[in-house]
Amino acid sequence: MSNPNLVDAEWLLAHQDDANVVIIEVDEDTAIYDLNHIRNAVRLDWKKDLQDPIRRDFVDQDQFSALLSARGVNNDDIVVLYGGNNNWFAAYAYWYFKLYGHEQVRLLDGGRKKWELDGRELVSDVPARAASTYVAKPQNLAIRAFRDDVVKAIGNQNLVDVRSPDEYAGRLLAPAHLPQEAGQRGGHVPTAVNVPWSKAANEDGTFKSAEELQALYAAAGLDTAKDTIAYCRIGERSAHSWFVLHELLGLENVKNYDGSWTEYGSLVGVPVQLGDEPGQAAGTR
Amino acid sequence: MCGALPAQTVIDPALLATQTVVRGVVTKDGAPVTVGYARLHDTAGEFVAEVPLNQNGEFRFFARPAAWTIKLLVSGGVHQQEVTAEAGDNPPVVFAL
Numbered sequence: 003m004s005n006p007n008l009v010d011a012e013w014l015l016a017h018q019d020d021a022n023v024v025i026i027e028v029d030e031d032t033a034i035y036d037l038n039h040i041r042n043a044v045r046l047d048w049k050k051d052l053q054d055p056i057r058r059d060f061v062d063q064d065q066f067s068a069l070l071s072a073r074g075v076n077n078d079d080i081v082v083l084y085g086g087n088n089n090w091f092a093a094y095a096y097w098y099f100k101l102y103g104h105e106q107v108r109l110l111d112g113g114r115k116k117w118e119l120d121g122r123e124l125v126s127d128v129p130a131r132a133a134s135t136y137v138a139k140p141q142n143l144a145i146r147a148f149r150d151d152v153v154k155a156i157g158n159q160n161l162v163d164v165r166s167p168d169e170y171a172g173r174l175l176a177p178a179h180l181p182q183e184a185g186q187r188g189g190h191v192p193t194a195v196n197v198p199w200s201k202a203a204n205e206d207g208t209f210k211s212a213e214e215l216q217a218l219y220a221a222a223g224l225d226t227a228k229d230t231i232a233y234c235r236i237g238e239r240s241a242h243s244w245f246v247l248h249e250l251l252g253l254e255n256v257k258n259y260d261g262s263w264t265e266y267g268s269l270v271g272v273p274v275q276l277g278d279e280p281g282q283a284a285g286t287r
Numbered sequence: 005m006c007g008a009l010p011a012q013t014v015i016d017p018a019l020l021a022t023q024t025v026v027r028g029v030v031t032k033d034g035a036p037v038t039v040g041y042a043r044l045h046d047t048a049g050e051f052v053a054e055v056p057l058n059q060n061g062e063f064r065f066f067a068r069p070a071a072w073t074i075k076l077l078v079s080g081g082v083h084q085q086e087v088t089a090e091a092g093d094n095p096p097v098v099f100a101l
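Listed in order, the protein sequences are those of chains A and B.
When we follow our numbering, the leftmost residue of the first sequence carries the number 3, and every step to the right adds one.
When we follow our numbering, the leftmost residue of the second sequence carries the number 5, and every step to the right adds one.
Keep in mind the hints are simulated off the structure, nothing from the lab.
Some clues are possibly wrong.
Looking from chain B toward chain A, a few residues come up when the C-beta cut is under 8 Å (computed) [stated by the list, open to error]:
#1 Tyr-41
#2 Val-52
#3 Ala-67
Backbone N, C-alpha and C fix where the C-beta goes; we use that ideal spot for every residue, glycine too.
Please put together the full structure from these sequences, using the hints given.
Here it is, written out as structure tokens:
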């Protein structure tokens, strides 16, 4: 689809050597970059670079500034993100860049998968970028939800669980390419509708058309007059859905809950709904 | 904790015993196909997960005992096989292109 927040391969090839364009690969399997990547792309490691090493939270404003300075990113650069797994972690990084106020961020439609399947150039050379002086802004909490926001949203706002139907219903605890960890409760937040992230993507990883996306969420019962919180397991798939709702469809007041099910499903005393139906706000347990 | 294990990672046998593993291998003219993606769908056709092929042409999912469809995306085509998984490890699904 055509959208200012998306670029396609032709755009990237035309701007691959532009001084103000920084291409960044963000993968779930962070070793993939070492194998090969799009020429001139640098790597961000979603875990080592973007997560606080001790407590469960993001790196702070100063740490993010230092990270992007070391990667040679300037505040006015156009950052183009791409990655594997249908851009899950690239979308997560996109949301993260927006959280810290970077203006010009784009996603490569289709990500690494489409690029690879189309037989486009991948290289192993790591580009040398001179360090910069990047200054991150304070977190924009208008796009980030915390656990208390989710509890308050039950029955009041749109809650969108973007995991697979088996995870939503509580039959699986993790996506099926990961071992099924024990220790969390299965299920979903009561009243959350299930719109798996994958329904927003074509088989080649590109996003569906705006008309298809609008129809998808309308069919799920999303009330666009209400605020929305998207969640998944750790916040990366829901960043993909946040991108769809906020950046492609232009809905306001959409937040990504990065604590997601690994946090909510471990909380004491909150309601959990099992099965394929959203459930009710009251009377659930 | 959260990220994918690289597909070539050796899984602890004790962990494997608690999982339902759907795995496979993709070859062409006897050599592993390393550029491609395996997609797991349930019997309703619902997409469940996707993994890239590793350097040995292999893929692996941790699912549940059920019937599944595996769609293979490779450059120039899509291939598909049905599989019924039981608890534990399951024989590899072979795609010989």
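### Task
Verify the interface restraint on Val-52/B: the C-beta must sit less than 8 Å from at least one C-beta of chain A.
holds, 5 Å
### Query
With 8 Å as the cut and Cβ atoms as the points, is Tyr-41/B at the interface with chain A?
holds, 6 Å
### Message
Restraint: Ala-67/B near chain A, CB-CB cut 8 Å. Satisfied or not?
### Response
holds, 5 Å
In terms of the numbered hints stated before, the structure departs from none.
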